[in-house]
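Undergrad: Residues per chain are reported as follows:
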Amino acid sequence: MSDVVRLTEARRTYRMGEEEVHALDGLDLVVPRGEYLAIMGQSGSGKSTLLNILGCLDRLTSGSYELDGKDVSRLDDDRLSHERNRRLGFVFQSYNLIPHLTVLENIEVPMEYAGIRPGEARQRSTELATRLGLGGRLKHRPSELSGGQQQRVAIARALGNDPSLMLADEPTGNLDSATGIEILDLLDTLAAEGRTLIVVTHDRKVAARAHRTIHMLDGKIAREDRRVAEAATP
Amino acid sequence: MRPGRLLALAWKSIAEHKLRSLLTVSGVVFGVAAVVTMLAIGEGESQAAQEQIRRMGSNNLLLASVKPSEPESGTSANARVLSYGLLEKDLLRIQSTVPEIDLAVPRRDVPVDARVGTRRMRATVFGTSPQYESVANLEVAQGRFLSAADEESRLPVCVLGSEVAKRLFLNTDPLGRDLHVGDNAYRVIGVLSTRGEGTGGTAGLGGESDAAILIPWSTMRERYGSIIVDNRGGSRNREEVELHRITVRAARGDEATVGRVAGALRRLLAEGHPQEDVRLTVPLELLREARETRARWTLILGTIAGISLLVGGIGIMNIMLASVVERTREIGIRRALGAKRRHIVLQFLAETVVLCAIGGSLGMGLSILLPHVLTTVFGLQTIVDPWFLGLAFGIAAGIGLVFGIYPAMRAARLDPVEALRHA
Ligand SMILES: Nc1ncnc2c1ncn2[C@@H]1O[C@H](COP(=O)(O)OP(=O)(O)O)[C@@H](O)[C@H]1O
Ligand SMILES: [Mg+2]
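Line by line, the protein sequences are chains U and A. When we follow this note's numbering, the leftmost residue of the first sequence carries the number 1, and every step to the right adds one. When we follow this note's numbering, the leftmost residue of the second sequence carries the number 235, and every step to the right adds one.
Simulated from the structure, these hints should not be mistaken for lab results. Where a beta carbon is used, it is the ideal one built from N, C-alpha and C, also for glycine. The reader is advised that the hints may include incorrect statements.
The calculated lysine-lysine pairs, modelled on BS3-like cross-linking and capped at a C-alpha distance of 25 angstroms, are [stated by the list, open to error]:
no.	chain 1	residue 1	chain 2	residue 2
1	A	K323	A	K301
2	U	K70	A	K574
3	A	K246	U	K139
4	U	K139	A	K252
5	U	K220	U	K205
6	A	K323	A	K574
Restraint ranges, calculated between C-beta atoms of paired labels, are given here [said to hold, decoys possible]:
no.	chain 1	residue 1	chain 2	residue 2	range
7	U	G194	A	L635	46 to 54 angstroms
8	A	D619	U	R59	51 to 59 angstroms
9	A	E526	U	G115	57 to 65 angstroms
10	A	M643	U	D162	26 to 34 angstroms
11	A	G632	U	D78	56 to 64 angstroms
12	U	D162	A	G632	22 to 30 angstroms
13	U	P99	A	L256	52 to 60 angstroms
14	A	G632	U	G115	26 to 34 angstroms
15	A	R576	U	Q123	23 to 31 angstroms
16	U	G194	A	D649	53 to 61 angstroms
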């Protein structure tokens with residue numbers, strides 16, 4: 001299976017008293033392996049809902065979701081947790097590091113849940129942190145790091161269990177433009193290595209780096225752009 | 235996650251709020267201390283009672299003459315003789331009328347100065363019968379005890395308490411030698427083993443024999459008049475006491491039999507000794523009293539322990555619920571990174587259990603101190619069995635489990651998406 005994501009007729013409906021809100025309204029989406037996809041759209045168009053579904057943090061009301069060729073739309077909580085742990089990597093706008101853990105300990109959290117032995121986890125986390133330029137900060141706490149450094153820790157953590165799909169929600173939203181560019185360069189590197197990336201953003205400059213951009217409106221894909229120069233053929 | 239890692243994580247989180255954690259577990263600390271103290275008092279009382287029973291014999295009932303608080307008005311002021319206590323006719327009535335008894339053994343005590351060569355000591359002569367050996371649970375170390383033949387022929391023979399033998403004969407063998415009391419000489423035929431320990435008024439039937447010289451009952455009747463003159467310690471008391479003790483042995487050691495015998499004796503005493511110059515001590519009843527004391531303490535301390543542990547548990551639950559709210563974001567992050575619900579449950583449960591284990595440890599420290607204080611201040615006998623400490627620690631950890639499970643479940647039930655949105 002070369003498609004990492006296969007969403008068919010995806011619907012996610014919130015019930016607000018009498019009213020129903022269709023946050024996802026029959027959306028179809030296929031993301032081939034190695035694609036770098038950007039999601040844009042106005043506030044309330046359903047981007048976060050889509051990302052939660054893709055990240056196995058939420059379940060569809062109807063329709064189906066195949067992740068890595070496996071139907072995950074009907075899995076129970078434990079199985080979804082397992083999928084998140086093994087196949088997914090999250091990068092958040094506000095980094096979401098655990099404050100009382102050090103850089104290495106933060107990177108090791110998903111490895112612990114995957115049952116990796118502490119020694120091996122320590123080795124892997126050290127390698128990842130060093131590779132992302134955090135070599136001198138291994139024992140620091142998040143509060144002792146700059147925003148850019150914290151986001152690097154989050155990216156290292158997302159890579160820990162070698163995910164099939166990385167999801168980033170406004171990864172540069174809290175960073176100044178210079179630091180933001182560093183992070184975007186890092187994502188480009190990961191994409192160039194063949195990782196599958198989905199980034200939600202408001203920023204055209206961010207979307208410009210992706211192979212493809214989908215524009216959402218009212219829970220559906222209204223339009224999509226493909227970058228012609230380096231068309232996504234992995 | 236590995237248990238070791240879980241505990242390390244829990245420890246780290248607790249260490250982050252040291253004072254808060256300490257205050258949180260104080261209820262558990264006191265609860266645990268109360269539980270152990272309760273057990274220590276119970277154990278102490280029970281051992282004390284068992285020790286008393288062992289000394290007195292569970293089949294035995296003890297009658298002792300006691301000086302009435304006010305001298306009898308009938309006594310002539312000049313004579314200054316105080317007459318009270320058990321009479322020989324009491325002994326005969328007991329022997330002939332009280333059912334379900336094996337024996338009733340008399341004893342009369344006369345304080346004397348005893349002498350061997352140039353060595354002297356103050357001692358008490360017990361006039362008693364051969365059965366006294368068995369009812370008083372004595373053990374002969376050397377020679378033999380008084381016999382029926384000695385009794386019959388009113389021989390001037392004696393059996394020495396260990397203290398008397400040691401002080402008057404030093405390291406030499408007392409058997410066959412003479413001991414002098416006033417003008418009388420007594421041939422030593424036996425020496426008793428040391429009873430040691432407390433001589434306590436009612437209880438001690440044992441220890442006091444260490445400083446006694448035991449002679450046949452018949453010999454004493456012949457050689458000592460009815461008036462006992464005690465001029466030891468400077469004062470000069472003249473008393474008329476026929477018998478100081480009667481030890482009654484019931485036919486069986488069960489509570490019912492002993493109870494019936496005690497009842498019969500009380501009726502006799504009520505008739506013959508309305509002035510209350512005789513006291514009846516029933517070891518089995520002491521045991522019941524000890525049990526009642528124990529029950530009382532168990533109730534008081536059990537209530538305190540229960541309330542402390544409950545309050546402690548609720549306090550811990552409260553803090554853990556607050557901690558869950560405080561760490562909602564962390565829970566969301568962990569869930570996003572692949573934590574299953576049970577991982578979250580275990581994480582919070584481990585924290586509560588570690589917290590309670592710390593409380594349990596502090597409580598154990600206090601548990602060693604508190605019974606000690608009770609012993610010193612109230613004279614309560616307490617015994618802290620190491621097993622109690624283990625139990626107390628277990629209770630503390632159990633509290634952690636019971637009161638930790640709800641906050642932990644709350645944490646695990648949080649919706650990951652909601653939790654991640656939490657400020
Ligand atoms: N938990 C929720 N309960 C009810 N409605 C929700 C919830 N989450 C999102 N929605 C609604 O679903 C729609 C899509 O929201 P969202 O996915 O957050 O959009 P975006 O991320 O593009 O701003 C909005 O109308 C929003 O109000
Ligand atoms: Mg959003």
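Undergrad: Hint by hint, note whether the structure agrees.
TA: Now for the hints, and whether the structure bears them out:
1. A/K323 with A/K301: 19 angstroms, holds
2. U/K70 with A/K574: 20 angstroms, holds
3. A/K246 with U/K139: 15 angstroms, holds
4. U/K139 with A/K252: Between U/K139 and A/K252 the Cα gap is close to 22 angstroms, so the pair holds against 25 angstroms.
5. U/K220 with U/K205: With Cα atoms ~23 angstroms apart, U/K220 and U/K205 stay inside 25 angstroms; holds.
6. A/K323 with A/K574: 88 angstroms, violated
7. U/G194 with A/L635: 46 to 54 angstroms: 48 angstroms, holds
8. A/D619 with U/R59: 51 to 59 angstroms: 56 angstroms, holds
9. A/E526 with U/G115: 57 to 65 angstroms: 58 angstroms, holds
10. A/M643 with U/D162: 26 to 34 angstroms: At 32 angstroms between Cβs, range holds.
11. A/G632 with U/D78: 56 to 64 angstroms: 28 angstroms, violated
12. U/D162 with A/G632: 22 to 30 angstroms: At 42 angstroms between Cβs, range violated.
13. U/P99 with A/L256: 52 to 60 angstroms: For U/P99 and A/L256 the Cβ distance comes to about 22 angstroms; the hint is violated.
14. A/G632 with U/G115: 26 to 34 angstroms: 29 angstroms, holds
15. A/R576 with U/Q123: 23 to 31 angstroms: Holds - the Cβ-Cβ distance for A/R576 and U/Q123, about 27 angstroms, lies within 23 to 31 angstroms.
16. U/G194 with A/D649: 53 to 61 angstroms: At 33 angstroms between Cβs, range violated.
Hint compliance for this structure: hints 6, 11, 12, 13 and 16 are not met, and every other hint is.
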